[in-house]
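Peer 1: Here are the chains, one letter per residue:
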Amino acid sequence: MSADAYIEIRDLHFSRGTRKIFDGLSMAIPRGRITGIMGPSGTGKTTLLRIIGGQLKPDSGSVLVDGVDMARVSRDQLFELRKRMGMLFQSSALFTDLTVFENVAFPLREHTPLPEDSIRDLVLMKLNAVGLRGARDLYPSQLSGGMARRVALARAIALDPDLLMYDEPFTGQDPIAMGVLITLIKNLNLALGTTNIVVSHDIHETSSIADQLYVIADGRVIGAGSPAELEVDDSPLIRQFMHGRPDGPVPFHFPASTLERDFLRAASGAGNRDTRS
Amino acid sequence: MTAGSRATVFARFARSIAALLQHLGAQVLARLAKLGQASVMWWLAIWGLPRRGDFGLLVRQIYSIGVLSLIIIVLSAFSIGSVIALQFYTQLARFGAEDAVGLGLALVLLRELGPVVTGLLFAGRAGSAITAEIGLMKSTEQLSSMEMMGVDPLRRIVAPRLWAGVISMPLLAAIFNVVAIYGGAVVAVQWLGSDPGGFWSGMQDAVEVWEDLGKGTIKSIVFAVFITWIAVFQGYDTEPTAEGIGRATTRTVVLSSVMVLALDFALTLGMYGEFK
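Top line first, the protein sequences correspond to chains A and B.
First residue of the first sequence: 1, per our numbering; consecutive thereafter.
First residue of the second sequence: 1001, per our numbering; consecutive thereafter.
Bear in mind the hints are in silico, worked out from the structure with no lab data behind them.
If a hint is listed, it holds; no wrong ones were tucked in.
Below, computed lysine-lysine pairings styled on BS3-like, alpha-carbon distance capped at 30 angstroms:
no., chain 1, residue 1, chain 2, residue 2
1, A, K45, A, K186
2, A, K45, A, K83
3, A, K20, B, K1034
4, A, K45, B, K1034
If you only want the chain A side, here are some residues facing chain B, beta carbon under 7 angstroms, derived:
no., residue
5, K83
6, M87
7, F89
8, S91
9, A93
10, F95
Over the 12 angstroms line for every Cβ pair with chain B, so calculated as not near, a few chain A residues:
no., residue
11, M125
12, D174
13, S208
14, A228
15, E231
16, S235
17, Q240
Note that CB positions come from ideal geometry on N, CA and C, so glycine has one too.
Go ahead and model the full structure; you've got the sequences and the hints to work with.
Peer 2: Here it is in structure tokens:
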């Protein structure tokens, strides 16, 4: 793996109950670049971000963030490390009892001894970067989905983190909001040199900004490379995913008995249950 | 019945007993694990170092947990006090002992009803609100995002609520007692015409600071610790869905009400002891 990796994941195993989510996943996230992590829904992309952020502990394997193993640090160290991370949640997760201004000011008030007027300047700078300086007095319930995500972005960059994680930033956004977000992510990366992880299943948007892509499925990495390389990759699963084909290695049908047997059973009055076992 | 079929029946019976025991064991283990989680949460929250601005958070919680519970506490106290006075008066008047209404009322309230009824009302009014609020914060990922910002939700969200509950509830119980005794006095003295001198001096003679007031206050502090602990943990542990929050809120009220009644018995036994 490359020497300038900001995050190194080696042989990660993780399961929820009896369901295996990661089964020997390894990847390296280069420093100061935008890395896209893509894969069908339900492959544990969000779980991966939570493991990197130390909110979930892997069953085995190691996750090194800037050389620190997230599974081995103490609770206090973990909170210390997280000050250098920013995460944009899919639901934006703004504090509903605080205004836009106070939401962005929150991490600054918690972690810095700055006087009020410096906090004000910083918050307005961050809000200006996402174009919402004028919305500072609104409450999260008064914002549209796209605006809420931009406020959450301003909050995530409030402490100038080294690592920014975006969880499905494009989902549910209209084309204009999507364009704004793409430009913002790109510009923030260029301006601050932050290491970025974009978790998404929107291929075109992610391909357009990412320097490197990982495709995960069935708990492991099935494809890695630059967007251009993956575009012409000829493994069937990656082709199906990159070109959005409805059927292929990932089947269209949820596992079930054959159609004929289901109909025959209905005719014999055996009810609605699937009795495959 | 042949020997073979009897053996099958027996085997099936043994299997179902084993399954039952296994289920029971799993349930007990799951409960114990939850208890462990709840204890760790409580411990971390209580010892989380306060920081600049935390006092403001505490004051806000005392307002929403304590001050906003005042109306229901005062109304219930007044009606309970007056009902007790009414019952005592009609019974005691048959023996010509109307003067004992005051002392009976005070003892019943200070020792038992004050802390217990306040506890039940507090669980319903404040406990459920705490659970619902924290549960919603969890399901909208606000707790998660706070964690990812390096801010410990146990310190920022849980600790102020725990402390506010422990501070507010004994005060609410004290207010409950005062209002209920006043309600009793209104009924017994003003309305039914019992002798005010007998009412108040009987009370003054019978009530002891430690034995009645002190031990009653200890009860209300213990109830407060358990109610807020249950409420906060149920919120923190809630399944992040609409039904999950509903279930957690119900559990808070049911669990803390039962807890208050059970603890009350244990505390009465322990503190007033030697009944035999």
